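Next come the chains, spelled out residue by residue.
There are 2 protein chains.
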Amino acid sequence: MRQKGILTVISGFSGAGKGTIVRELLDRYDEYALSVSMTTRSPRPGERDGVEYFFTDREHFEEAIRQDGLVEYAVYCGNYYGTPRAYVESQLAAGRNVILEIEIQGALKVREKFPESLLIFLTPPNAGELKRRLEERGTEDAEAIARRLARAAEESEGVEAYDYIVVNDNLEECVEEVHRLVGASRRAPVRSSRFIREIREELQDFVKGVQS
Amino acid sequence: MRQKGILTVISGFSGAGKGTIVRELLDRYDEYALSVSMTTRSPRPGERDGVEYFFTDREHFEEAIRQDGLVEYAVYCGNYYGTPRAYVESQLAAGRNVILEIEIQGALKVREKFPESLLIFLTPPNAGELKRRLEERGTEDAEAIARRLARAAEESEGVEAYDYIVVNDNLEECVEEVHRLVGASRRAPVRSSRFIREIREELQDFVKGVQS
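Chains A and B, in that order, give the protein sequences. With the numbering used here, letter number 147 in the first sequence gets 147, and the count goes up by one each step, no holes. With the numbering used here, letter number 143 in the second sequence gets 143, and the count goes up by one each step, no holes.
Hints are not guaranteed to be accurate.
In this list, chains with the same sequence are indistinguishable; a pair is considered to hold if it fits within one copy or across any two.
[As the list claims (entries may be wrong)] In silico DSS-like pairs for lysine-lysine, Cα to Cα no more than 30 Å straight-line:
1. K4 - K113
2. K208 - K131
3. K208 - K4
4. K4 - K109
5. K131 - K113
6. K4 - K131
7. K208 - K113
8. K109 - K131
Derived by calculation from the structure, the hints in this document are not laboratory data. This one's a predicted model, so the numbers in the text were calculated from it and none came from an experiment.
The following block holds chain A by itself, in its conformation from the complex (with noise of 0.2 Å):
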């Protein structure tokens, strides 16, 4: 029987390198598959509709909430951002790990609704690597930085939620420890509980059968 996939949650701070890490884990293992999130926002220069996310307006996106076809959906900055669910529990299925890059509400969600979803945080090495990454990409303005830095103060709170937290200080490095961390998640107890099941039900037939 296939090993179902792992749900697999990327967070983090603004700046910490998700979008690049989540392209590496897809180009390199055929084991992933990305679940490509419906937003409302505005499509950033070079982001194509289907592919970083699917755009789509107010109306559309009320009416996806409305028929239970979101995994989770939140409020960020104003916009809507969603995971529509019929792509997710195909791919799981299918014994691929789904990774959603979603920001911390979300992931939250995720976790209440599939306790065996894995949470991994990326993070900059420090907050002034954050803010000098941002500064760099140069696509937003100082009161637009100001704000996803008062954000990430704001995420820095919630992070013990997330199973693992990785730093992104060398992207090659990583990727691979992102990789192995999804690996080593198959081993906690709430991913293996099918195991746990059929061993205690062995052990009580063979305690069953000394006692008879």
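With the hints as your guide, set chain B onto chain A.
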């Protein structure tokens, strides 16, 4: 500053190969140190005082309890088992991962006192294999084996308290997997608390800087 070692508890069913895995970790990697337990049980053939265990009597063991000289202790099959505290703390401070090979009662007490400890549970691939290994060991009669199987059935109820459950199907793979899991565990928030505190403080400083 030197990274503190991880207090690594290795438990598992009788016959899961705990002793062999622990010896291999110690042989292969300098970063591990073994905590030698103190016990009132009799030595098995080949066991040496101060190597596999410190063998002692009930009177001396109870004196150590009164002196708060043990990280944990427990009674198992009518004998005391405990972990002398001083050695554990000095090795952790020196950056070594201290391995405690103890059973589930002790593991839970260690976790209570050391929330950042790592709990790994070893198991054969299934209960039939466990029974076979106990029988092949040839050191115990049928009644003792039945008692160990009953104990395993009890212990199986507690495995969700562990961080990782590792199947020892192949010694070579199992040793390396345990080693990787110890590494992975450094990324759990409970073992990254200093990093988290520092980045939070830095982010708060940026936010205050912007507001003032």
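Tested hints:
1. In the homo-oligomer, the alpha carbons of K4 and K113 lie at most 30 Å apart inside one protomer (16 Å), although the nearest pairing across protomers, at 36 Å, exceeds that limit.
2. With identical chains, the CA atoms of K208 and K131 are at most 30 Å apart between copies only, with a shortest distance of 14 Å across copies and 63 Å within one.
3. Taking the shortest Cα distances, K208 and K4 never come within 30 Å of each other, neither inside one copy (32 Å) nor across copies (46 Å).
4. In this assembly of identical chains, K4 and K109 lie within 30 Å of each other by CA distance solely inside one copy; the values are 20 Å within and 34 Å between copies.
5. In this assembly of identical chains, the alpha carbons of K131 and K113 never lie at most 30 Å apart, being 34 Å within a copy and 38 Å across copies at closest.
6. In the homo-oligomer, the alpha carbons of K4 and K131 lie at most 30 Å apart only across protomers (29 Å), although the nearest pairing inside one protomer, at 39 Å, exceeds that limit.
7. Neither within a single protomer nor between protomers do K208 and K113 lie at most 30 Å apart by alpha-carbon distance, with minima of 36 Å and 36 Å respectively.
8. For the homomeric pair K109 and K131, the shortest alpha-carbon distance inside one copy (28 Å) is at most 30 Å, but the shortest distance between copies (42 Å) is not.
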